[in-house]
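**Student:** Spelled out from the first residue to the last, the chains are:
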Amino acid sequence: MKSPPTVGQRDKVVHVSALNEYVYCPRRFYYQRYHDEIGTPYELVDGRSKHQNQSNRGGWITERYFRADELKLHGKIDLIESEGGVFTPVERKRSESGQYYPSDEVQLTGYCMLLEAALNEPVNVGYIYLYSTDERHAVRITDRHRRTVREIITRIEEMSVGSIPPLTDNPEKCEACSAREYCMPAETARLEPEKAAGTGWEDEI
Amino acid sequence: MKASEGMYDEAVLFVTRQGSQVQVDGGRIVVWDVDGDEGRLASRPIEKVDTINVFGGVNFSTPFVAKANEHGIVLNYFTQHGKYRGSFVPEKNTIAEVRRAQYALSDDAELEIAKAMISGKIRNARTLLSRKGVHGTEVLKDLGVRTEKATSKDDLRGTEGEAAERYFARLDETLTDGWTFETRSKRPPEDHINSLLSLTYVFMKNEVLAALRQYNLDPFLGVLHADRHGRPSLALDLQEEFRPIFCDAFVTRLVNRGAITHDDFRTDNRLRDDAFDTYLSKFDDYMQEEFTHPYFEYTVSRRKAIRQQAILLRKVITDELDDYHPLTFDR
Ligand code: SF4
Numbered sequence: 001m002k003s004p005p006t007v008g009q010r011d012k013v014v015h016v017s018a019l020n021e022y023v024y025c026p027r028r029f030y031y032q033r034y035h036d037e038i039g040t041p042y043e044l045v046d047g048r049s050k051h052q053n054q055s056n057r058g059g060w061i062t063e064r065y066f067r068a069d070e071l072k073l074h075g076k077i078d079l080i081e082s083e084g085g086v087f088t089p090v091e092r093k094r095s096e097s098g099q100y101y102p103s104d105e106v107q108l109t110g111y112c113m114l115l116e117a118a119l120n121e122p123v124n125v126g127y128i129y130l131y132s133t134d135e136r137h138a139v140r141i142t143d144r145h146r147r148t149v150r151e152i153i154t155r156i157e158e159m160s161v162g163s164i165p166p167l168t169d170n171p172e173k174c175e176a177c178s179a180r181e182y183c184m185p186a187e188t189a190r191l192e193p194e195k196a197a198g199t200g201w202e203d204e205i
Numbered sequence: 001m002k003a004s005e006g007m008y009d010e011a012v013l014f015v016t017r018q019g020s021q022v023q024v025d026g027g028r029i030v031v032w033d034v035d036g037d038e039g040r041l042a043s044r045p046i047e048k049v050d051t052i053n054v055f056g057g058v059n060f061s062t063p064f065v066a067k068a069n070e071h072g073i074v075l076n077y078f079t080q081h082g083k084y085r086g087s088f089v090p091e092k093n094t095i096a097e098v099r100r101a102q103y104a105l106s107d108d109a110e111l112e113i114a115k116a117m118i119s120g121k122i123r124n125a126r127t128l129l130s131r132k133g134v135h136g137t138e139v140l141k142d143l144g145v146r147t148e149k150a151t152s153k154d155d156l157r158g159t160e161g162e163a164a165e166r167y168f169a170r171l172d173e174t175l176t177d178g179w180t181f182e183t184r185s186k187r188p189p190e191d192h193i194n195s196l197l198s199l200t201y202v203f204m205k206n207e208v209l210a211a212l213r214q215y216n217l218d219p220f221l222g223v224l225h226a227d228r229h230g231r232p233s234l235a236l237d238l239q240e241e242f243r244p245i246f247c248d249a250f251v252t253r254l255v256n257r258g259a260i261t262h263d264d265f266r267t268d269n270r271l272r273d274d275a276f277d278t279y280l281s282k283f284d285d286y287m288q289e290e291f292t293h294p295y296f297e298y299t300v301s302r303r304k305a306i307r308q309q310a311i312l313l314r315k316v317i318t319d320e321l322d323d324y325h326p327l328t329f330d331r
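Chains as they are written, first to last, in full-length UniProt numbering: chain A, 1 to 205; chain B, 1 to 331.
Treat the hints with caution; some may be incorrect.
[To be verified] Think about it this way: if two alpha-carbon atoms lie no more than 30 Å apart in a straight line, the pair counts; the simulated DSBU-like pairs of lysine-lysine are: (1) Lys76(A) to Lys93(A); (2) Lys153(B) to Lys141(B); (3) Lys195(A) to Lys67(B); (4) Lys67(B) to Lys76(A); (5) Lys195(A) to Lys173(A); (6) Lys153(B) to Lys67(B); (7) Lys48(B) to Lys93(A); (8) Lys195(A) to Lys153(B); (9) Lys12(A) to Lys93(A); (10) Lys48(B) to Lys173(A).
[Claimed, not checked] Quick look at which bits of chain B chain A covers, simulated, 3 or more residues with Cβ under 8 Å: (11) 105 to 115; (12) 218 to 232.
No lab work stands behind these hints, which were simulated from the structure alone.
Quick reminder that beta carbons are idealized off the backbone N, C-alpha and C, glycines included.
Construct the complete structure from the given sequences, taking the supplied hints into account.
**Tutor:** And the structure:
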């Protein structure tokens, strides 16, 4: 049995959901991490209730926590399919558009890497299940995926409270961003235009 | 520009009915007339509310208080006539990084923020007077310029005091016949208009307090008002810019439109019970009333605009913005 993580370790490992958050918008991730300002995304609330209906089926492992200090990663995998000794993590998404995003792939890769570390064997496939279409997409996890995850972990580690990431380069993301009321991207661009220089908001005003 | 979704307009709930009880029912806050037979008096989704102000004999059910704590809802207690008694503040996680930044503000940084607030206040004082057709306010303009050159907080307080005096001297002209400010007096309010102003400042202070608490700033550590035990200095600081344009404007509207008359006061200059209820509902309506934001160009409610100012204040404290940008109206 592993001993519980110490204070220092707990702060140093990165949560898998953080990978997704960071890819969506580093600034939002910053708010969540340092300011606890994020709001509750609809997706999360909705996802939570749906998860409950799907747990406890045969051939599935649900809600399992993993930690891999060597990867500096930890997190809970909500659903793992086990078939003939092969374990495959499943990431379920609401997604109205019927598509999944690169950030979802990154998160899934994180789960595969955690599982790999726990099983000590490669996990090269993960599934993204979309509620809206009731479809399951198999994603091949490549080395490029793994490199991306490691890189994001490094960037997250290097973040500090003293330097806030810029506004996103894609203002469309702000439309759906739960931190928007707090972030005030358009308002910032209006009040202190130099703060929006070089971001996607520069051209919006 | 597009306004982000309205979340704050219903954030504050006022409960005045004596003998009522605040309860939870599923995901909603329900005010129940337990003594009388009117049943459900009000009901709001719990996620929307962050502050409940209760006046006099109002009770909270025990499950409700547990929920209030869990959801970070602040409960403010007043006497039936609006005198503040105390608060229940939930144990919501204090965000260390924000508090640390606030406590670490240098004197210079505090002075810069305070200067912006006071110059905003003076700007708004002029705007209110000019909206009401009071002209010849160049002195105020000069005083506004002087705030920007202030080299110390005392200096700034001096300028503010002088501006307030000049401003109140002219505010009489905005009132309909039969009303007068004479001199702006503090406790106890010597006349009806002062009583209304004092009441409105208390309510506005509570709006600002709610906003600061929502964004985890310490309301008791000010940038201009001297820190005194139990005094919400930062709330008083942030309130400054809203005083003329929201508070005084509200009071003049109340009397000029006859919503409150001299008959509504008791001999001690306080409002009668029914008039107090009228006052409260007008105040809440006023907070929810929308206007076109002078820089952002979308419509916002006053309550939301106040909360945005709390966010902007926090952003300058946490170094995300360079300056504090007060809410000012040029016209
Ligand atoms: S509002 Fe836009 S810039 Fe701000 S955190 Fe959200 S996505 Fe990022």
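**Student:** All hints, please: hold or fail.
**Tutor:** Hints and how they fare:
1. Lys76(A) to Lys93(A): holds (15 Å)
2. Lys153(B) to Lys141(B): Roughly 20 Å separates the two Cα atoms, so the pair holds.
3. Lys195(A) to Lys67(B): Roughly 39 Å between the alpha carbons, so the hint for Lys195(A) and Lys67(B) is violated.
4. Lys67(B) to Lys76(A): The given pair, whose Cα atoms are some 27 Å apart, holds under the 30 Å limit.
5. Lys195(A) to Lys173(A): This hinted pair holds, its Cα atoms lying about 18 Å apart.
6. Lys153(B) to Lys67(B): violated (42 Å)
7. Lys48(B) to Lys93(A): holds (26 Å)
8. Lys195(A) to Lys153(B): holds (29 Å)
9. Lys12(A) to Lys93(A): holds (27 Å)
10. Lys48(B) to Lys173(A): holds (24 Å)
11. 105 to 115: violated (count 0)
12. 218 to 232: violated (count 0)
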